[in-house]
Structures are given as C-alpha cells and as structure tokens.
Amino acid sequence: MKKIVVGILALLIIAVVASGCIGGENTPQSTTESTTPTDSNTFTLDKSKFHFYMYGLATCPHCKKMKEELPKFFGENSLTYYEIQGNEYNGKMFEQLYQILGVTGVPVIGIFYDGKLYAIVNGEFPVDYADDFVEEAKKAKGILFITDKVYLIPENNTEIINKLEYVFTNGEPSEV
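Quick note: the sequence shown uses the numbering used here, first residue 265, plus one each step.
Don't read these hints as lab results, they were simulated from the structure.
It should be emphasised that the depicted structure is a prediction, and the values quoted were computed from it without experimental measurement.
In this text, a Cβ means the ideal position worked out from N, Cα and C, and glycines have one as well.
Any given hint could be a false lead.
[Stated by the list, open to error] Just the calculated beta-carbon pair ranges, DEER-fashion:
{"hint": "1", "residue 1": "D412", "residue 2": "T306", "range": "17 to 27 Å"}
{"hint": "2", "residue 1": "T323", "residue 2": "G379", "range": "28 to 38 Å"}
{"hint": "3", "residue 1": "A322", "residue 2": "K356", "range": "30 to 40 Å"}
{"hint": "4", "residue 1": "E359", "residue 2": "D412", "range": "13 to 23 Å"}
{"hint": "5", "residue 1": "S312", "residue 2": "P437", "range": "17 to 27 Å"}
{"hint": "6", "residue 1": "E340", "residue 2": "N421", "range": "26 to 36 Å"}
Make the full structure from the sequences, and use the hints.
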C-alpha cells in the first residue's frame with residue numbers, strides 16, 4: 265500500500281522537482297514558469313502552520329527562487345534559511361544531511377507543518393504543492409524525501425526522524 269501511495273506521488277511530482285545546484289556551482293537553469301500558484305483555492309491546509317527550513321547557497325538560482333517564493337506564499341516568517349558557504353557550522357549540519365540522506369545538491373528544504381517534519385525536498389518545487397506533500401506523508405505514515413525519486417522514511421524510524429528534525433531546526437539562520 266505504501267508503495268502505491270508513494271508511486272502516485274512520484275508521478276505527481278516527477279516533472280516538478282528540478283535539479284539542485286551541485287557543489288556550490290551556479291549551474292545553468294532552463295527558463296521556467298514562476299512557482300507562484302495562480303489558484304490558491306486548491307490549497308487545503310492552514311498556511312500559517314507551515315514552516316520551511318532550507319540549506320542553500322547564495323550563488324544557487326534554485327535557492328534564490330525558493331527564498332523568494334516561500335515567504336511570498338506562506339508569509340514573511342515562514343522560512344528559516346541556512347547559508348552553507350562561509351558558515352562552518354551550517355556546513356557541518358549539511359554534512360549530516362549528506363550522511364543520512366545522501367544529498368549533495370541544494371536547496372534542501374525541510375517542510376514542517378504544525379511543528380512536525382513531513383517532507384524533505386532536494387531541489388525546487390511549486391510552493392502550492394507543500395500541502396500535497398504533507399497530506400501524502402500523513403497517509404503514508406512517514407516523511408517523504410523527494411529528490412530525483414520519492415522515498416518514504418517510515419514514522420517508526422524515530423532515530424533518523426529525530427536527527428533530521430534536529431538538523432533542520434538547529435542551523436545558524438542567515439539573511440533570507
């Protein structure tokens with residue numbers, strides 16, 4: 265059953281999640297439409313209960329876009345941004361994400377709803393998909409990790425989940 269739910273979600277987002285910036289380089293990016301939704305009536309959850317924690321690089325166009333779009337859609341205080349370049353502490357925290365998830369590119373965004381981690385996205389995504397990610401994670405009973413594929417971290421894997429929540433909530437905030 266979990267494979268079916270995750271499979272459906274994978275089909276939903278396959279064309280959505282863009283490649284992240286690798287190794288801090290400013291990689292070329294194709295021209296895309298804005299991720300600002302035009303029809304907010306499809307958003308079902310309370311926007312004020314969302315908070316996003318993002319590890320990124322100032323030179324990354326995907327990070328820049330998400331730093332603009334998330335606060336625009338969810339409110340000024342909805343994003344905590346952690347700059348990796350030039351910040352040794354944030355670099356070490358990002359290394360933990362690499363050790364746990366294998367991520368090497370940015371942005372890496374933890375999506376929290378009502379104080380709980382529901383999804384981790386490695387790359388850029390349309391901000392109005394955040395509620396879908398949370399709803400699917402609830403149904404699948406775990407945390408979605410969305411990268412080039414979709415993975416489920418089962419809710420009973422509390423040790424990993426606690427580590428991930430710690431990494432996302434304990435970086436050194438940078439200017440958004």
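The hints, checked one at a time:
1. D412 <-> T306: 17 to 27 Å: holds (25 Å)
2. T323 <-> G379: 28 to 38 Å: About 31 Å separates the Cβ atoms of T323 and G379, which means 28 to 38 Å holds.
3. A322 <-> K356: 30 to 40 Å: Cβ of A322 to Cβ of K356: about 18 Å, so the range 30 to 40 Å is violated.
4. E359 <-> D412: 13 to 23 Å: holds (21 Å)
5. S312 <-> P437: 17 to 27 Å: holds (20 Å)
6. E340 <-> N421: 26 to 36 Å: holds (34 Å)
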